[in-house]
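A.B. asks: Protein chains in written order, with our numbering: chain A, 1 to 443; chain B, 1 to 364.
EDC-like cross-link-like pairs, simulated, lysine to aspartate or glutamate; straight-line CA separation at most 16 angstroms:
1. A:Lys92 <-> B:Asp240
2. A:Lys99 <-> A:Asp52
3. A:Lys194 <-> A:Asp125
4. A:Lys294 <-> A:Glu358
5. A:Lys117 <-> A:Glu224
6. A:Lys393 <-> B:Asp150
7. A:Lys393 <-> B:Glu123
8. A:Lys55 <-> A:Asp110
9. B:Lys239 <-> B:Glu228
10. A:Lys232 <-> A:Glu14
11. B:Lys196 <-> B:Glu267
12. A:Lys22 <-> A:Glu180
13. A:Lys55 <-> A:Asp103
14. A:Lys363 <-> B:Asp120
15. B:Lys207 <-> A:Asp83
16. A:Lys117 <-> A:Asp183
17. A:Lys129 <-> A:Asp110
18. A:Lys361 <-> B:Asp120
19. A:Lys361 <-> B:Glu123
20. A:Lys200 <-> A:Glu224
21. A:Lys336 <-> B:Asp120
22. A:Lys200 <-> A:Glu158
23. A:Lys363 <-> B:Glu123
Partial chain A-side listing against chain B, Cβ under 8 angstroms, derived:
24. Gly90
25. Ser340
26. Lys361
27. Arg362
28. Pro422
29. Asp425
30. Tyr426
31. Arg428
32. Gly432
Negatives, chain B to chain A, calculated, CB over 12 angstroms:
33. Met1
34. Val25
35. Ile37
36. Arg58
37. Lys88
38. Lys162
39. Lys251
Quick caveat, the hints were computed from the structure, so don't treat them as lab data.
Ideal Cβ placement from N, Cα and C applies to all residues, glycine included.
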Amino acid sequence: MLKTFSLGGVHPAENKLSAGKKIEVLPIPAQVSIPIAQHIGAPSAPVVNKGDSVKVGQLIAKSSGFVSANIHSPVSGTVFRIDNVLDASGYKRQAIIIKVDGDEWDGSIDRSPELKKEITLSPEDIIKKVGEAGLVGLGGATFPTHVKLSVPPGKKAEVLIINGVECEPYLTSDHQLMMEKGDEIMVGTQILMKALKVDKAIIGIENNKPDAIEHMSKLAAQYEGITVQSLKVQYPQGGEKQLIDACIGRQVPSGKLPIEVGAVVQNVGTTYAVYEAVQKNKPLFERVVTVTGKSVKNPGNFLARIGTPISNLIDAAGGIPEDAGKIIGGGPMMGKALASTDIPVTKGSSGILIMPDEMSKRKETQPCIRCSKCVSVCPMGLSPYLLMTVAEKAMWDRAEEEDVMDCIECGSCSYTCPSNRPLLDYIRLAKGTVGQIIRSRNK
Amino acid sequence: MNVVLITIITLSALGALAAVILYFVAQKFKVYEDPRIDQVEEVLPAANCGGCGYPGCRAFAEAMVNSDDISNLYCPVGGAEVMSLAAKIVGKEAAASAPQVAVIRCNGSCDNRPRTNTYDGAENCTIAATLYGGETGCSYGCLGLGECVDACDFDAMYMDEKTGLPVVIEENCVACGACVEACPKDIIELRNIGPKSRRIYVSCVNKDRGGPARKACSVACIGCGKCEQVCAFDAITIKDNLAYIDYDKCKLCRKCVEVCPTDAIHEINFPARKPKPAAKKPATGAASAEKKPVVETKAAATKTEAASKPENKEKPTAPKAEKKDTPAKEADQKKPAEKKTPAKEEQSAKKSDLSDAKDKPEEK
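Work the whole structure out from these sequences, hints included.
C.D. replies: Rendered as structure tokens:
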């Protein structure tokens, strides 16, 4: 029997419309706006001023703490201004706006296409390099990669898990990346293994991508210590804790990090970016974005520079269809509807999903019928119906007792609820409030 | 017969015995409680709203009795009257605090603030606020999902269906601050009711620069600073492209209202403008030539109204007439004020005149 995680989960219609579509390089836009907060942690501090000319790959905003990341210019041109711009958070936040002029790359970046297998850097230097390149988790959570690679004292990493699950319906960017850049991902895995001082790596791929499993297995045979694990299709297998459970059968304790069970998880996109940063000296300034949707003319995978307005991506995929109801940043389960098409692509943008109007509408909320479906699908073993109720009644201490902070916001509960209750909305509210209470208590 | 008698005697004896035992037990385990706590609780409004910062009136009464200094204790519902009564019971000095009322600092109605998208998530302002800035280009203003109304225990708020904004019913508002706390956008503020219930405030919390703010909402404060310049009492400060009027310093001269190019400054419960300000206009109007005509027409309108004032008691029709002159949005804004006024009976004679007359035309 195929492996999967042990608790809960759902299997929504996969709808991988853009599977097998070659990664297209998106033309560079005339102007990019790069939000300085693209990652979890402290926003970066801009190091360029209005009027400065920048090259592709030049540092434009510096990491402002340990949990923070550098940001590099994705284009060459001049800094037009630093202003507040609407980004995927739904709010106007500070961004560096650059007017594009040509495509001049920083001289230190190796643009040659050949594979560079030999790893010369020491583990410490790898982590430093990854930090300098501004790498963050490209699966969507955007946690700075160098922090994940810095194993805290007293802990030891035993296994590296590469996340090629892509459990979100519709999205195919990781799938396509594995098909086209398999070798680079393998070398990236080796680099990460060296940095973490582990000799074992597992690449987890769901079995709805048989071509990727075959391709990666073939490549993995050439590299020492890397195995490919085929997994049963089950959402949210791409969640860090679920993937660890599925691959090595260990459960991360509540409130703890994966390193507690000796595992470190990295997305395939991140692994590819690690390869580029370490072997090619190329910082993170572009990523693969899936543009998809039932009525999108030409769904596909695009290599877009960070800061490109999503309208450019949508145009490349055939424009906004007439019946469009919502434009979602990310997948249909965890993604968020965007308020404008001027919102720029950031390091965390894995996909743009355009939902037809009738599909995107929320159905009317009905009373809870106590069917407990939400409880049975919750991959964290929580009771979503109860969390929603206590959140509605502002019983924050009760919410904390019910482990609301363990929620990974996968949305399986809302997806499965026959009464269309906005379970996750309220759980997020409780999570936010309880998080604040905990932080103020610890001060 | 005998059985009945024995039963009565036995039960009575048992009852008496139990009473004696209970009496001694009660004496033994008696907990002394200051009788003044009960007395103070008696005079408190028993609203248990938490507006004082204590969980209910009982806890507040305990705090009144037990703390030496009660200057930081204040019951917003009871106001100065209840506070002085309660202070008399505990024999301490009560804090003098001006009565306050909740004020909605957003005028982004559907007309003023064009929608750019539609929200269909959970009907809860805090949830919407964590998701994004709102259905319009302004990410500071009211989300219109009515969490403040839900928080109000005094039926002092409702959502105006036309504007999509909450409205405070002044006579019901006790300034407990529940709505202020509930609002995730910090739009609602408690402000002093002011003399004769008159207030002036900036009905906007948008911190964007002028251009984007104006684009998102036609009545946004653009931080132009005209009000700050014209204010003779240093009551207005501009911070982050947003004007704020300090109600302690404001002398209600209304000059700021006149110069505001976006009508973001609102005046509440003012009678018609007297002819006097018309003479002053050129001086203040000089700041903006564009603004001048508007001000003058306003003044002219009030002037004609004012002329009829002394002759009959209909003088308060003036504000109504003025409302007709002002743009629709301003009229909308003034509705709550209209609703507020009638019940405030303890207000000055002039005030009650005003409200009487206001009722009249409505009856007609």
